[in-house]
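All residue numbers for the sequence shown refer to the numbering used here, where the first residue is -13 and numbers rise by one.
Some hints here could point you the wrong way.
[Claimed, not checked] Okay, derived cross-link-like pairs now, SDA-like style, lysine to any residue, Cα gap no bigger than 25 Å in a straight line: (1) 193 to 87; (2) 193 to 89; (3) 87 to 230; (4) 193 to 123.
FYI, nobody ran anything at the bench for these hints, they're computed from the structure. Bear in mind the structure is a predicted one, so any value in this text is a computation, not a measurement.
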Amino acid sequence: NNNLAVWGTDQAHYRVPPTTTSFAFMADWGMQYDTENLRTAMAIARTVRYYTGSGFERMTLIGVGQGGGGITGYAALNHETELPESFRHLGAFIPISACFKTDDALWQDYFCNAAQNYSDMLREGTYVDTQGQMFADLASYALADPDGMSPFVRGLTNRGAALYMASMTWVPFEYPDESHFLGGAFKENLPVELRYTDLATFLEGTKQIAPYTSVRYRYEVEAIKCGHVDLPYDDHFGDITVPVMAVCCG
-13 NNNLAVWGTD QAHYRVPPTT TSFAFMADWG MQYDTENLRT AMAIARTVRY YTGSGFERMT
47 LIGVGQGGGG ITGYAALNHE TELPESFRHL GAFIPISACF KTDDALWQDY FCNAAQNYSD
107 MLREGTYVDT QGQMFADLAS YALADPDGMS PFVRGLTNRG AALYMASMTW VPFEYPDESH
167 FLGGAFKENL PVELRYTDLA TFLEGTKQIA PYTSVRYRYE VEAIKCGHVD LPYDDHFGDI
227 TVPVMAVCCG
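Construct all of the structure, not just a fragment, from the sequences and the given hints.
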């Protein structure tokens, strides 16, 4: 409809089977790896469009999330400034809820500390971050046994723990402000419902989060946002000429 074609792609760690036990293969899965995968996916989509009569125009990329497509999209734009025009795939970029840089000193400190933690994990030979598994399990418990006591948040039910993580995110993650995933309706300082989002829909989606993420990728994401680590993914921002519309939370 409306002369639009929508293509979807995701990061490689979504394809890692949940039964995986050895993660040495993820040692070098950093920002460059994800950027190359993203551009390969866009090349395939553009080629298919060309051979099916839909033209070969560059594509508008929508990237979502602090630690996902939003950040990788910025890195891809940076990379493409160094390529000939005919090798570029991005015609515009819409990052959603994706902070690439900040001048807030408190958040800079938060991101720098996170980057240091991931750097320590790499130095110790740990290449996988299993935070996604925790979120998936949290949602699964809330769906299967909402009134049972949560193994993740002491003193709350499984449903209550899911609401707590969703709408009081700043507490367990020790954010420097009250940033949170979703707006909640509160009673006695605890969320009892989601204000704008259907809880079941949120839980079903969260249950499908990839269990594993590359530590190297997480390190580079946090280091970029920290702003005090020299990485190449923003070296050519001044040369970006395609339109960028950032959509962020209020």
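Practice task
Hints the structure violates: just list their numbers, smallest first.
Solution key: 1, 2
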